[in-house]
Amino acid sequence: AQKITQTQPGMFVQEKEAVTLDCTYDTSDPSYGLFWYKQPSSGEMIFLIYQGSYDQQNATEGRYSLNFQKARKSANLVISASQLGDSAMYFCAMRDLGYSSASKIIFGSGTRLSIRP
Amino acid sequence: DTAVSQTPKYLVTQMGNDKSIKCEQNLGHDTMYWYKQDSKKFLKIMFSYNNKELIINETVPNRFSPKSPDKAHLNLHINSLELGDSAVYFCASSQTPEIRLDQPQHFGDGTRLSIL
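As they're listed, the protein sequences go chains A and B. Position 70 of the first sequence, counted from 1, bears residue number 70 in the numbering used here, the numbering being contiguous throughout. Each position in the second sequence, counted from 1, maps to that position plus 117 in the numbering used here.
Treat the hints as calculated values from the structure; they're not laboratory data. Source: prediction; values computed, not measured. Fair warning: there could be bad hints in the mix.
With a cut-off of at most 30 Å between alpha-carbon atoms, the simulated DSSO-like pairs for lysine-lysine come out as follows [unchecked claim]:
| # | chain 1 | residue 1 | chain 2 | residue 2 |
| --- | --- | --- | --- | --- |
| 1 | B | Lys136 | B | Lys157 |
| 2 | A | Lys70 | B | Lys161 |
| 3 | B | Lys153 | A | Lys3 |
Let's have the full structure, built from the sequences with the hints guiding it.
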């Protein structure tokens, strides 16, 4: 069965420092995708970055990068040079092709990141 | 040019009432979803429709009935509202996952439902 685990309910980081948000996953499907979303206090869900199970390189999008370790089944989000506007909830999510059931995205429980000035 | 829009943004109502939340997407996506986010921020899928056909129904009470008149719309009707229904409900859309696994879901801004 699919499972996403985020073990850090909350984190505090000093502005301009880099931060790593942890995410581990479990699936029996060989084809899957991993997503990170940001949810600021205003409530909207913002897509940040994607990593496919067959991608050879770690995904990067601006200050966001994904540390993808397939053998460990981890997909940690790294935010470089954190900014005050990065304070938000961050969700890791996974979608597989759904060989055994309909494809769907499942979400982790989230990590609340707070950036200190 | 809102991509996924849902209305209303806030919904405050009495227990036992019936209410609907509407969702529309203009992205040309084939698949639409409803999620429930509880007070602990846990996000759980409720329903998924692909080209107006229900493909995911996740152990949601029968009081919740989605309706998709066309592939750009997915509405959620809730009968006999209960206190435990208080949550934020998100509509989302994406390309068909089996065709484009890498396509993210695009979310609406959410509907905050409060049951008195």
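We went through each hint and held it up to the structure:
1. Lys136(B) x Lys157(B): OK: Lys136(B) and Lys157(B) at ~23 Å, within 30 Å.
2. Lys70(A) x Lys161(B): Holds - the C-alpha atoms of Lys161(B) and Lys70(A) are around 25 Å apart, at most 30 Å.
3. Lys153(B) x Lys3(A): It holds: about 18 Å lies between the C-alpha atoms, which stays within 30 Å.
Hint compliance for this structure: no hint is broken.
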